[in-house]
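**Student:** Residue 96 is where the sequence shown starts when you use the numbering used here, and the numbers rise one by one after that.
These aren't lab readings, by the way, just hints derived from the structure by calculation.
C-beta atoms are modelled at their ideal positions from N, C-alpha and C, and glycine is treated no differently.
Be a bit skeptical, because a hint or two may be false.
[Said to hold, decoys possible] Label pairs and their calculated CB-CB ranges: (1) K197 to D167: 22 to 32 Å; (2) F140 to R182: 48 to 58 Å; (3) N180 to W155: 42 to 52 Å; (4) K197 to R161: 20 to 30 Å.
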Amino acid sequence: ISSSQQVLHQWLAAAAVSSLFPRPHWACAFSFHAALDILRWLLMFLVITIQLYCLAWFLWAAYDIRMYPIKDFGHTIHEFDPWFNYRAAEYLAEHGTSQFFKWYDYKSWYPIG
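Could you put the whole structure together from the sequences, leaning on the hints where they help?
**Tutor:** Right under this line is the structure:
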């Protein structure tokens, strides 16, 4: 048998086997690159999910920090918050950072400040 006949015989044998055991429809297009694409999409989904979870947690933490005085001291109207912020900024500008962190404001309201 010549080599061309041998190749033809192998091809016909493979064709007969493949017709007896057909591959599933998804196996025809599946390749190493398709597997990489699936892994890439899964990784992107995982990263986006983690980012959304972190964003939701940060938003919850910001809300919880802002509501802390209400949880501790109740619903009090803080109408002089801007005045305290102005006074604190003025003290910081006049005395510097090191004195600002040691400063106790005696003009602020007790217990909220």
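**Student:** For every hint, state whether the structure bears it out.
**Tutor:** Now the hints, each set against the structure:
no., hint, result
1, K197 to D167: 22 to 32 Å, "holds (24 Å)"
2, F140 to R182: 48 to 58 Å, "holds (50 Å)"
3, N180 to W155: 42 to 52 Å, "violated (25 Å)"
4, K197 to R161: 20 to 30 Å, "holds (26 Å)"
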